[in-house]
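Q: Turn these sequences into a full structure, and let the hints steer you where they fit.
Number of protein chains: 2
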Amino acid sequence: MAQTPKIRFGFIGCAAIGRRVSRAVALAPNAVLHAVGSRSIDKARAFAAANGFPAAAKVYGSYEAVLDDPEVDAVYLPLPTSLHVRWAVLAASKKKHVLLEKPVALNVAEFDEIIAACESNGVQLMDGTMWMHHPRTLKMKEFLSDVNRFGQLRSIHSNFTFRASANFLENNIRVKPDLDALGALGDAGWYCLRAILWAANYELPKTVIASRNPERNQVGVILACGATLYWEDGKAATFYCSFLSNTSTDITALGTKGTLHVHDFVLPYEEKETSFYAATESGVDEAVTKWVPQPSKRIIETDIPQEALMVNELSRLVADIKFKKAKPEQKWPTISRKTQLVVDAVKTSIDRGFEPVQIQE
Amino acid sequence: MAQTPKIRFGFIGCAAIGRRVSRAVALAPNAVLHAVGSRSIDKARAFAAANGFPAAAKVYGSYEAVLDDPEVDAVYLPLPTSLHVRWAVLAASKKKHVLLEKPVALNVAEFDEIIAACESNGVQLMDGTMWMHHPRTLKMKEFLSDVNRFGQLRSIHSNFTFRASANFLENNIRVKPDLDALGALGDAGWYCLRAILWAANYELPKTVIASRNPERNQVGVILACGATLYWEDGKAATFYCSFLSNTSTDITALGTKGTLHVHDFVLPYEEKETSFYAATESGVDEAVTKWVPQPSKRIIETDIPQEALMVNELSRLVADIKFKKAKPEQKWPTISRKTQLVVDAVKTSIDRGFEPVQIQE
Chain D
1 MAQTPKIRFG FIGCAAIGRR VSRAVALAPN AVLHAVGSRS IDKARAFAAA NGFPAAAKVY
61 GSYEAVLDDP EVDAVYLPLP TSLHVRWAVL AASKKKHVLL EKPVALNVAE FDEIIAACES
121 NGVQLMDGTM WMHHPRTLKM KEFLSDVNRF GQLRSIHSNF TFRASANFLE NNIRVKPDLD
181 ALGALGDAGW YCLRAILWAA NYELPKTVIA SRNPERNQVG VILACGATLY WEDGKAATFY
241 CSFLSNTSTD ITALGTKGTL HVHDFVLPYE EKETSFYAAT ESGVDEAVTK WVPQPSKRII
301 ETDIPQEALM VNELSRLVAD IKFKKAKPEQ KWPTISRKTQ LVVDAVKTSI DRGFEPVQIQ
361 E
Chain Y
1 MAQTPKIRFG FIGCAAIGRR VSRAVALAPN AVLHAVGSRS IDKARAFAAA NGFPAAAKVY
61 GSYEAVLDDP EVDAVYLPLP TSLHVRWAVL AASKKKHVLL EKPVALNVAE FDEIIAACES
121 NGVQLMDGTM WMHHPRTLKM KEFLSDVNRF GQLRSIHSNF TFRASANFLE NNIRVKPDLD
181 ALGALGDAGW YCLRAILWAA NYELPKTVIA SRNPERNQVG VILACGATLY WEDGKAATFY
241 CSFLSNTSTD ITALGTKGTL HVHDFVLPYE EKETSFYAAT ESGVDEAVTK WVPQPSKRII
301 ETDIPQEALM VNELSRLVAD IKFKKAKPEQ KWPTISRKTQ LVVDAVKTSI DRGFEPVQIQ
361 E
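Protein sequence lines, in the order shown, are assigned to chains D and Y.
Residue numbering for the first sequence follows the working numbering, starting at 1 and increasing by one per position.
Residue numbering for the second sequence follows the working numbering, starting at 1 and increasing by one per position.
Watch out, some of these pointers could steer you wrong.
Just so you know, same-sequence chains aren't split out, so a pair can sit in one copy or run between any two.
Below, a list of computed lysine-lysine pairs in the BS3-like style, where the Cα atoms sit at most 30 Å apart [claimed, not checked]:
| id | residue 1 | residue 2 |
| --- | --- | --- |
| 1 | Lys297 | Lys324 |
| 2 | Lys95 | Lys331 |
| 3 | Lys297 | Lys272 |
| 4 | Lys94 | Lys141 |
| 5 | Lys257 | Lys322 |
| 6 | Lys297 | Lys206 |
| 7 | Lys257 | Lys6 |
| 8 | Lys290 | Lys139 |
| 9 | Lys325 | Lys58 |
| 10 | Lys139 | Lys331 |
| 11 | Lys290 | Lys141 |
| 12 | Lys94 | Lys272 |
| 13 | Lys297 | Lys139 |
| 14 | Lys141 | Lys331 |
| 15 | Lys257 | Lys297 |
| 16 | Lys6 | Lys290 |
| 17 | Lys176 | Lys43 |
| 18 | Lys94 | Lys331 |
| 19 | Lys257 | Lys325 |
| 20 | Lys290 | Lys272 |
| 21 | Lys176 | Lys257 |
| 22 | Lys141 | Lys297 |
| 23 | Lys58 | Lys322 |
| 24 | Lys290 | Lys176 |
| 25 | Lys58 | Lys206 |
The set of hints was computed from the structure by calculation and includes no laboratory data.
On a predicted model such as this, the values are computed, not experimentally measured, just so you know.
A: This is how it looks when you write it as structure tokens:
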């Protein structure tokens, strides 16, 4: 059986996160680093040299040149969020599949422009939420879906924080209103809201109410915020995201029969061996101090890091489209759009003075 | 040096929690099980026999008889919350020191009746929040107070849930509006709010907003609820308590430099060896998947369980009052009252349709 040719990736821009994704493309068995473009060809050349691009890879002095390269199958777009709609739509129009960093867009209206372009051009859209592709995520989902071990989901809490450096808080695109107006909400909050939706089987909450104390920088960009989300069946979720606290990436999911804890969901503590804590029908002894049974630590191993599994999954879908006339997979843009809808609702609630915002699909 | 005589405890009622506290009194080196009273002398006799009361212990067929026993130094009061004000005030008037189960009262007005009686009679009041007395709690506090390892506190989340049995949900005093009108908020929520106040150095939040989805039973008692708490300096906390989810007792505290996680704060997984997770200046590698440094697991050992340490602390204070003419320790009633104030604020916010409630000391 002939081996399917590898999917050729072109990188649009040289963002720091591209370092991790370059390695991911190099590690993915069905993908290859093909091109990188920057507004500065020197920067593109340095990026290619520093990030393991093969000698034959193309180096371009513009983003357009990557899109005009007929050999590029898929582009990786880590540009500032405000540029996503322009470059993702253009990429789709050039029949390039799109791996787009999160937040996908500044709002769902822009998101819909992007997805419309992808759909009309028959290209796959996937956002860069790497942890979705870790095998641990599947194992955690199996636990949450098990009515005997977890029961019905009642409450979720997620936080993603990191303490940005003084330089980040001064210069990073994520604190600039013209580049990433969603700030910490679009960056760290995206992960929390995805985690909550993931735990809730992507059922959208009905109502979102932002917490009253978002922290902002001098030009109004959100540096820390949170919200409470409500579903019709009575379950609720809270999240907190921040550029101003030490690194934390937690999911706590409480079910009628079980409990799940994970503290490194966005990026595991270690690449090859990861874990989470699962508890079922935990009880406490009536007399002495003891839980019976206690939560168990579940270990999940992977030889391939989550970002390479993400590239692998996208490349698999692209290869199916390219070589087997498959349609783009709806799952990824669908959960991406739901995440964007909730991000929008939190932002709207903040902008409206922390009023409840109803979510409509 | 002559050994100080042991403090003699009288138990008012035979609640299930009394089993744990009987053992605690027996284990505390400075306390002794002296008497138990129930409305049924047979029940009192069975309780004394089942819970290690010495042969010489007194068994009474009424609560009053315990209070009238001149040898009783301190009483343990695990009665339904609605009866606390009556029996705690009466106990104080009989010069008995009071170990009172939480919630201390149905509201702060009742709390203030109790503390006024204790103060005017010179007796110590302590509530039964056992985890406050575990040596781990002190170690966690040292970490939270360390500006170099934890920095400034920005966010706290706490949950305490357990899945009550069908029998509990039908018959337990904690779901009866005339006995424990605060339901899960007064029972499990008390611990979450204490944990939040503890982490915040007992600085009261300025504003409390209850979450919109409290679950109630058919007669209106809260079975699950939550809230967001706001301080003037921008820090915030969320909590969730429930009788309807699997056991969970978590504190997540996020500081500018550090993170604390504990999953068994109310009652440790094991009696003698406990732990929590502390992280300082956590970072992630830019290329490979790895946290550097990773959180560290801190182990704390104790030979004496937390409930016995609680009895020991109360007995120490009572002995100081009894034998050294010391004044009652203000710390315990003070943090107890603050907890009650926040419980009240959550309840008021729920009753007012989830409006913000300002807390005034």
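Q: Hints broken by the structure, by number, lowest first?
A: 1, 4, 5, 6, 7, 12, 19 and 25
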